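Trainee: We have chain L; now place chain S onto it with these hints.
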Amino acid sequence: MKNHTLKAIAAFLALNILFTTGVSAANGIENSFESNESVFDLEEDFYADFAELDQLEKEVKENGLVDYDALLQSNPDLLSDLNLSNLRTINSAEATEGFSFDDMDWGAFAWGLLCCPVGFFVVAINGNKTSDQKASFWIGWGVGVVLNILYVAAVGNPINDF
Amino acid sequence: MNKLLLFSAFLLLFVYSNESHAQRLYSRIESDISIKEIFPDGTKSLMLGKVFFDVENNSIVYHIAFPEKETMVLKDSLVLSLKDSVLNKKLSSSQLIDFSIYKLALSGELKTFGLDETKFLLGRISENDDGVSSEWIPKIENPPFKIIISQANNKITGIALVESTGKILNKQFFKKYQKIGRISFPTEILEISYTGSGVYKKMMTHSEIKLDNYSDEINSSYDPDIDAFE
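Protein sequence lines correspond, in order, to chains L and S. Its first residue numbered 1, the first sequence is counted upward by one per residue in my numbering. Its first residue numbered 1, the second sequence is counted upward by one per residue in my numbering.
By construction, these hints were calculated from the structure, which means they are not laboratory data. Given the structure is predicted, the values throughout are model-derived calculations rather than measurements. Hints may contain errors.
Claimed, not checked - Using 25 Å as the maximum straight-line C-alpha spacing, the simulated BS3-like pairs for lysine-lysine come out as follows:
| id | chain 1 | residue 1 | chain 2 | residue 2 |
| --- | --- | --- | --- | --- |
| 1 | S | K44 | L | K61 |
| 2 | L | K58 | S | K175 |
| 3 | L | K58 | S | K90 |
| 4 | S | K69 | L | K61 |
| 5 | S | K202 | L | K61 |
| 6 | L | K58 | S | K210 |
| 7 | S | K139 | L | K61 |
| 8 | L | K58 | S | K50 |
| 9 | L | K58 | S | K176 |
| 10 | S | K69 | L | K58 |
| 11 | S | K111 | L | K61 |
| 12 | L | K58 | S | K44 |
| 13 | S | K210 | L | K61 |
One chain only, chain S, in its complex shape:
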């Protein structure tokens, strides 16, 4: 029974891992955004627009300008896609916001990607020429994978998901940090996933980053009227 309780506690801690106790530094962040992707089949994708995140609303809003004008709202367990203020798609989602780079950055948790709030076991820490890397391991016997975080100058520079065999499944790089107010934000995020069908690559770029912008003309961008669609 003790093992059962331990397992249950472990599961609970993981499930509720998003309940961060970190100090919030800012409540809002907005940015121009560019998302480029290359899929394993060789096709490519480009999206340009703006992204808005508000802690109080707990919502991420993408105002996409290219390839098509579209507003996407990630809030609670929903993703709403609006075109010309008309509901285009309504999808189910969950908990993405709590692990978003925006929320982690505003709460000062980006340095460890919030993993120190999840009860992952901090494993080996090693120094290299570029900084420090630390292993975060699921607290189970024979964990099939680990997460490795690379840090330099007290900032996260990379995160990787690695199988116990040493095979890398996914890695992300956080580059070109920009100091804005009291936070440093990586304006360039690179991602590589290795799959059976090939390699997936993604480059996300942020520019014109603003914090705590409460000007009247911008409020509707953070909080579009979606009540009718929820």
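Chain L extracted, bound-state conformation:
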């Protein structure tokens, strides 16, 4: 039983290796990237784009943090194009509520399974990913944890072999 489990896990991890590395030649890691210059340039219009929201924030604070409904009555123009999907703002993981197998985004799942820390940036904290994609990421992460626990249980901690 233990051997079967080990073989199944080994086969799965071998597939992971192929999926991750793409059966590629051993190119140098650093040579595959372009220059870092200008990565941290901040667009000149960045702050200007937030002018309306700055004004709204000022208005709200001056009025003692009134709620949306109260502000809508007092100054509807300020709120005309606001998006009230506030959950999307602070909950990067969003919902797995109502999530079904058909909703699985397998790319996001792979990020969670194979490379969680980077997938965290690509999917989990990316405000433009859908809730299904984020749920898929976390499911992938969870599957990875379980597989590794199974693997360690079957063959011991490979770190000790180094």
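Mentor: Positioned in the frame of chain L, the structure of chain S alone reads:
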């Protein structure tokens, strides 16, 4: 088999990357917070309130005042949304807290965004007029992306996720550092994501930051009674 073991070890190290061994400087941080967003479709969002993070509880609590009064608790694998002390939504989450700016700041790991605890490979380090930038690369063959961290005066000033083609997917800027006790905290965090549907922008501002506030009247803000909802 050796390759298999190496890969497994690599995966394990990534999965358990959140197990930091850094020294904790403080246990609590709280702040007024403003979150402004502009979505690719042009819609905008503003949230105002307070945020509380407690290392012992390992929870982030948002008490939102605008646009609607709402309490959101991120703890363990759950996100709970409460309105008038009634459960509004209960969502699944995972591990967000370990990479939160609050936890990284309190543990003194913000300088590298905790990446030095994740076994990413430290790549090229280059100096520029503003400071130093360092590449952190997944330790796999032909990595499809890298993370670049920019630092100045021993503080993180930016982090970017860049494809191997050079295309920037996401970048964040950490600005207007404020010295509070033994830590420096960026009171302004800017984020830009480049997607197929357009550009997403976010500005998060912290003010009135306090550390290790254990006053009786504030304890419930750090640890709202959510036992009934967990």
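Trainee: Can you name, in rising order, the numbers of the hints this structure does not satisfy?
Mentor: 3, 7, 11
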